[in-house]
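Make a model of the complete structure from these sequences and hints.
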Amino acid sequence: QKEVEQNSGPLSVPEGAIASLNCTYSDRGSQSFFWYRQYSGKSPELIMSIYSNGDKEDGRFTAQLNKASQYVSLLIRDSQPSDSATYLCAVIVLKGRDNRKLIWGLGTSLAVNP
Amino acid sequence: GAVVSQHPSWVICKSGTSVKIECRSLDFQATTMFWYRQFPKQSLMLMATSNEGSKATYEQGVEKDKFLINHASLTLSTLTVTSAHPEDSSFYICSAMTADTQYFGPGTRLTVL
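Protein chains in written order, with this note's numbering: chain A, 1 to 114; chain B, 1001 to 1113.
If you're looking for bench data, these hints aren't it; they were derived computationally from the structure. Bear in mind that the values here come from a model prediction, so they are computed numbers and not experimental data. Don't take every hint at face value.
Cross-link-like lysine to any residue pairs, in silico, SDA-like; alpha carbons within 20 Å at most [stated by the list, open to error]:
#, chain 1, residue 1, chain 2, residue 2
1, A, K2, B, E1059
2, A, K101, B, E1059
3, A, K56, B, A1099
4, A, K95, B, E1059
5, A, K101, B, Q1060
6, A, K95, B, D1100
7, A, K95, B, M1097
8, A, K95, B, T1031
9, A, K42, B, S1043
10, A, K101, B, S1089
The structure is reproduced here in structure tokens:
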């Protein structure tokens, strides 16, 4: 089992719809979770971080964390064509005493159709 | 806040030459910086973790003598691709960490002829 898993997509949604991106992780001790967006040919940019169970909202973006089920999701409301990108999930896992490592999912490609 | 710069943004060099890429955290100090490589339509690949004042930790399969990393200050890390070959052509991206969060530089596109 991969440490961080994402559906590669592509996920295609119409403009104005809600896009739902999911990520599961294997390490129950993980404490920090991140969503990054990467446009083609560009470097990743941080969208949201989440540390506690529940929802965290920032504008059109909502991150949801469920530690019991070991998943973290990203909802994008009122999707726009400019949201078309690859969304990367990243999780900090403990690799030993005082050794924390950021593990990346392979990303989900999102296409928002006008 | 949390801005990371990279220089150069792109470079073209001849096979056999060395190329140095700089990564700077502009508005924060980063004890840890990371170097990634990304080939077209592929995922990010972590090359090494760079800690200020100590030797970098390289991921399995990454040649430390070919990809020299120096992290001499809390705001600067450099990656030198030595004796570059066409197969080293890629998108090199650095990130700097603060408070458990990584912020990425804009990347350097390297083309080796």
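So, going through the hints one by one against the coordinates:
1. A/K2 to B/E1059: Cα-Cα ~17 Å, so holds.
2. A/K101 to B/E1059: holds, 12 Å
3. A/K56 to B/A1099: Within the cut-off at roughly 18 Å; holds.
4. A/K95 to B/E1059: At roughly 14 Å apart (the allowed maximum being 20 Å), B/E1059 and A/K95 satisfy the hint.
5. A/K101 to B/Q1060: holds, 15 Å
6. A/K95 to B/D1100: holds, 15 Å
7. A/K95 to B/M1097: holds, 17 Å
8. A/K95 to B/T1031: holds, 19 Å
9. A/K42 to B/S1043: Holds. A/K42 to B/S1043 sits at ~12 Å (cutoff 20 Å).
10. A/K101 to B/S1089: Roughly 27 Å separates the two Cα atoms, so the pair is violated.
In the structure shown, a violation is registered for the earlier hint numbered 10 alone.
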